[in-house]
Amino acid sequence: MSKLELVATATFGLEAIVKREIEALGYEITDSRNGRLSYLGDERAIVKSNLWLRCADRVYVKMGEFKATTFEELFEKTKAIAWEDFLPSNAHFSVIGTSAWSKLHSVPACQSIIEKAVVKRLGEFYKLEWLPKNGPVYQIRFMFQKDECILMIDSSGRGLHDRGYRVKSVPAPIKETMAAAMVSLSFFKPGRFMMDPFTGSGTIAIEAAMMARNQAPGLSRKFDSSYWENIPESIWKEEKALAFSQIRQDDDFKIVASDYDERAIRIAKRNAEEAGVDDCIEFKTYDARKLKVLKMNEEKGMIICNPPYGQRIGDKEDMAELYDSMRGFISVNPTWSLFLITPDKSFEAAMGREADRRRKLFNGDIEACYYQYYGIK
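Letter 185 of the sequence shown, counting from 1, is numbered 185 in this note's numbering, and no numbers are missing.
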């Protein structure tokens, strides 16, 4: 096994959650920056990270880091990296990246130089004048910031939010990684009652069920690194078998997912079936505006939700009615907690009090806040 430096990227605001997930896998964080966490591992760590990280965006293998202010310097330092350690002679590789506050600010030019340097290195190592590029996919990513360049290989392929269970969707769905983060921040666990009254595609409820069952989020999909020659297929089989064996089936928890739209409920049910958790989620058609008079039998529970806003809802009057319903529900059920994400800065005023805790997050490209109201113990 090789000693590798891995990098997990995360949406702004979720770094601490991803750090906790990486450490739970047994790896120590060596560096943490905005949206990026580094840790040491091996080929098995690549497999485990892709299978188990719920809130990270992608997992990269860091190949090198250096300062470059000229294209010649970029070429030579890129060529000096041992790309052959990962890329076979027929690797189907391409280069993407970003550049900020750097002399080499042209992204297309940097892409071209890096690709030429990798081709030159592999050609010399494999003694080939032409590389066929008909093998496994290796996406090379560069990040230039203040003249410092980081070169990485994407081991995930499609983003980790793409679990593979969302066969159908509704407009403006929340990403699976963000939904998992919302559940993680709520500390939902077996023995608690959870409800999402704006379930849409069912994502929050499905992620909560998968977490409660300890079901690895990456079990139902493939990753670019699934096809890499330097990661034996036996490792993937071993780690998947272990993940399957760790799924819990007998934990006591209840999840209710509702929506006023019957079509959304049908979609959510189908997605839950694909995720394998339809048996532990109760789906129902229900108008969230009626929550303000709903008295729950369960003494302790929580609402975790992503209510409609902006283009997803008619007008401010509709939103005010929904907020009034949330406030009424908490008043009738004071031991229940409310966890809600919205970009609406007037939400706390609508609730009549400040949240016990709030966290700035980005739901897609929309800046939002995750409001957390804790129930009376």
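No wet-lab data here; the hints were simulated from the structure. Incorrect hints may appear among the rest.
[Claimed, not checked] Computed Cβ-Cβ distance ranges for the label pairs, DEER-style: (1) 377 - 324: 23 to 29 Å; (2) 260 - 67: 34 to 40 Å; (3) 115 - 234: 55 to 61 Å; (4) 260 - 229: 48 to 54 Å; (5) 62 - 126: 46 to 52 Å; (6) 230 - 148: 25 to 31 Å.
These numbers were taken from a predicted model, which means no experiment stands behind them. From the three backbone atoms N, C-alpha and C, an ideal C-beta is built for every residue, glycine too.
Now the hints, each set against the structure:
1. Distance hint check for residue 377 and residue 324: the Cβ-Cβ separation is about 26 Å, which falls inside the suggested range of 23 to 29 Å.
2. Between residue 260 and residue 67 the C-beta distance comes to about 56 Å, which lies outside the given range of 34 to 40 Å.
3. For residue 115 paired with residue 234, a C-beta distance near 32 Å fails the hint of 55 to 61 Å.
4. For the pair residue 260 and residue 229, the supplied restraint of 48 to 54 Å holds, since their beta-carbon distance comes to about 51 Å.
5. For the pair residue 62 and residue 126, the supplied restraint of 46 to 52 Å is violated, since their beta-carbon distance comes to about 23 Å.
6. A beta carbon spacing of about 27 Å between residue 230 and residue 148 agrees with the range 25 to 31 Å that was offered as a hint.
Hint violations for this structure: numbers 2, 3 and 5, all remaining hints satisfied.
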